[in-house]
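So you can see what is in the structure, the chains are spelled out below.
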Amino acid sequence: MGELSVRGGGSVSVETEALLAEAARLSTVAHILHGWAARACGIRDRLGELGPGELGPGLAGLAAGLRDLDTASAGFRAGEAECTALSWSLVASAGGYAAADWLATVGREAGTRLGAGLLGVVAPGLLLAGASASAIIAPGVVLGSLLAGPGAASAGLAALVEQHGLPILSDPAFVAMVRAAGGNLDEFLAGLFRSGGLFGVGAALDAPENAALLVGAASASGLVAGTRGLRETEVRVERRMTPRSAVSPFGPPASAPPHGVGDLAERIPAGPPGEPQIRIERYEGDDGPRWIVYSSGTVDFGVVPEREPYDSTSNLHSVADASASAGSVGLPPQPGAGERSVRAAMEAAGIAPGDPVLVVGHSAGGIIAANLAADPRLSVVGAVSFGGPVAQVPSGSTPVLSVEHAEDLVPATAGTGVAADGRLVVERSLGRLEPTLDDPLPAHALAAYRGTADAVDASEDPRLRDFARLVGDLTGGSPATTTEWHAERVPGAETLAPAAPGPIGASRADAPPGRSAS
Amino acid sequence: MTADLALAALRASRRAEALERELLAVRVLRVEVEQMRAGLLLDRLDGWHAGAAENYAGRVREIRVAIAGAEHLVREAEGALVAALDHARRNGAPHWAS
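So the sequences go chain by chain: A and B.
Going by this note's numbering, the letters in the first sequence line up with residues 1 to 518, in that order.
Going by this note's numbering, the letters in the second sequence line up with residues 1001 to 1098, in that order.
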């Protein structure tokens, strides 16, 4: 496993004019390097014509000089190629086809070429060897297809997986490409979903569960809509008495406070369908109650809403709620069912808008946590997302810790996202993975993220230490009163427009049984 | 015999002149690279997402390394040419002429 990489979520905006100016500069540099390479090459050729074969032993060093000029020329040409590629990338970025981060993806190939050029090695086969070989090809296959249109894209993606197998979905280079594409291809994805392209991918793979996962990932980018299957419904929540939360004859259940990010990850509900998806801990502070809310990830990957609110329809709406394109693709301005479930449970648990809250979630729960952190009506003091596509949530200066695996496709679907000064992204590589049909995205599993959460606690990074202190300050080290909540959709109760919000922003006061949120 | 020697001397002289011309060309190239290299590329661009800026800076660093490496090799070649020219002058260019 790799080391943790921590980065802030600062500004992502780059002025188009600045991009084009730098592209022009690089193009000029490429031209200069081309000239230098040609001159070095010319000098070498002319010296060679003097008769290197006739050099006596006293002038043998000149042969080395000729080789130096030859290699120098190759070095200048490699630099020229790199400048040209960078320049082209910038122009493409300015044109809206790719995000700035895509430079990193393109750079891997160009960087390898650069090294090869310097060494005078021309061995394209070497560039395609190793674990990332298929992903190096991927941008050409998929991005080319994306630009060609939705139909070609679905065929391209299907061909990609057929050709390279499921591991392509966990390849960091492919994930980086998805991240680059995710932030810029709103309309494409919308059109793709309408055309049923993603379902076409599933059929081509003869693996519907994988198609469902892909739909989940695509819908998590918040950019697809328009089918009946993705219409939202009302939800209701009810408290469940589980062995961990049942009230005993000796009083309410108490649990020790979490001592770090690892403990937070450990407490995220991950039960099978029918089990509670939400856990709420109440801590008594001097100035009133403080809370930690835990939200599960996606339980049902189906695209047609059944009883489970943590489904792909909810993912779509949760992320789309934060997307600027939501209106343009016809999405009603309301949170997804999962988010409304959490808000309803929060109200039912007694959380008031001014109470300090820390929200923690995995996958879909991560986007819910980030969305709540971005809600100015709430007093969310921090949020933790494990594998959630949170990059496009404008959570501002609220601390949001986003833990992501380099091989996890799901957080990458949010693209490069929007600026959020409080967002802290912790990335870690899990190394080579072996996906299976039962577990096509192993890097997305909560169990894997729990391991990384422990690594976060062990880190000496001051920003991560600050976040751990935030958790400690919230709980005050006191034990918590814990409740667990189960949410479900209300059959036949489609929501076409948001109802009057409650204090937390989702419930209706007259909604028996349990708490209902539309 | 005399004619052969004269021809050999002429060829040696012309090769030495050619060597001198190419040495000048290499020297001009080396100085040009040396002078321009520092200002060719920006270290980083402002206003980028931190990750993108670092990636960009990384790629620019690679180009810098490539150019610096090439400049070093041009300097090495220049040294080899200087040595060759000195050798040719010192020995009346017998190896070129032989």
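No lab work stands behind these hints: they were computed from the structure.
Careful, some of the hints might be misleading.
Now the in silico label distances, taken between C-beta atoms and shown as ranges [to be verified]:
1. A:G431 - B:L1024: 51 to 61 angstroms
2. A:R463 - B:A1038: 26 to 36 angstroms
3. B:A1068 - A:P353: 52 to 62 angstroms
Beyond 12 angstroms from chain A on every Cβ pair, some chain B residues (computed) [unchecked claim]:
4. L1005
5. L1007
6. A1009
Far from chain B, by Cβ distances over 10 angstroms, these chain A residues were calculated [to be verified]:
7. R39
8. P376
9. E434
Cβ coordinates follow ideal geometry from the N, Cα and C atoms, glycine included.
Evaluated hints:
1. A:G431 - B:L1024: 51 to 61 angstroms: 55 angstroms, holds
2. A:R463 - B:A1038: 26 to 36 angstroms: 34 angstroms, holds
3. B:A1068 - A:P353: 52 to 62 angstroms: The hinted range 52 to 62 angstroms holds for A1068 of chain B and P353 of chain A, with Cβ atoms some 59 angstroms apart.
4. L1005: 17 angstroms, holds
5. L1007: Consistent with the label, L1007 of chain B stays out of reach of chain A, its closest Cβ about 15 angstroms off (over 12 angstroms).
6. A1009: Since the minimum Cβ distance to chain A is about 16 angstroms, A1009 of chain B lies beyond 12 angstroms and the statement holds.
7. R39: The assertion about R39 of chain A is violated, with a minimum of 5 angstroms to chain B.
8. P376: 24 angstroms, holds
9. E434: 28 angstroms, holds
Consistency note: the structure conflicts with earlier hint 7 alone.
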